[in-house]
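Asks: This note's numbering applies: residue 6 is where the sequence shown begins, and numbers increase by one.
Calculated directly from the structure, the hints in this document are not laboratory data.
Computed from a predicted model, the values in this text were never measured in an experiment.
Do not rely on the hints blindly, as some may be mistaken.
What the hints assert, rightly or not - Below, computed lysine-lysine pairings styled on BS3-like, alpha-carbon distance capped at 30 angstroms:
| # | residue 1 | residue 2 |
| --- | --- | --- |
| 1 | 76 | 55 |
| 2 | 55 | 23 |
| 3 | 23 | 76 |
Stated by the list, open to error - Derived DEER-like restraints, expressed as beta-carbon distance ranges:
| # | residue 1 | residue 2 | range |
| --- | --- | --- | --- |
| 4 | 87 | 63 | 16 to 22 angstroms |
| 5 | 53 | 90 | 22 to 28 angstroms |
| 6 | 90 | 61 | 33 to 39 angstroms |
Ideal Cβ positions, reconstructed from N, Cα and C, are used throughout, including at glycine.
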Amino acid sequence: MQITDVRLRRVNSEGRMKAIASITIDNEFVVHDIRVIDGNNGMFVAMPSKRTPDGEFRDIAHPISSTTREKIQAAVLAEYERAAVEEEVIEEGA
């Protein structure tokens, strides 16, 4: 399995959520609404979820192996860092 595309939308807020991503897997399958979160132990990705009637959150889609989770997280966070550097360069040039 390869992450063949990552699209990122940065969120301008004071909260812990920093961006929302969509990934494409093997140019065949897309997962939307992956959140980039600034957690207590650093940045991580949270898979798309919905609230159940009893108030709990359940993942809509998620990897079933830690290796796949690491691949997704690495790809999304690399794109987040690339976008952050690009944004800094634009701000410095303005």
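Asks: All hints are to be evaluated individually against the structure, with a verdict given for each.
Replies: Right, here's what the structure says about each hint:
1. 76 <-> 55: holds (23 angstroms)
2. 55 <-> 23: holds (19 angstroms)
3. 23 <-> 76: Distance of about 19 angstroms is within 30 angstroms: holds.
4. 87 <-> 63: 16 to 22 angstroms: Given about 31 angstroms between the Cβ atoms, the range is violated.
5. 53 <-> 90: 22 to 28 angstroms: Cβ of residue 53 to Cβ of residue 90: about 26 angstroms, so the range 22 to 28 angstroms holds.
6. 90 <-> 61: 33 to 39 angstroms: holds (37 angstroms)
Hint violations for this structure: number 4 only, all remaining hints satisfied.
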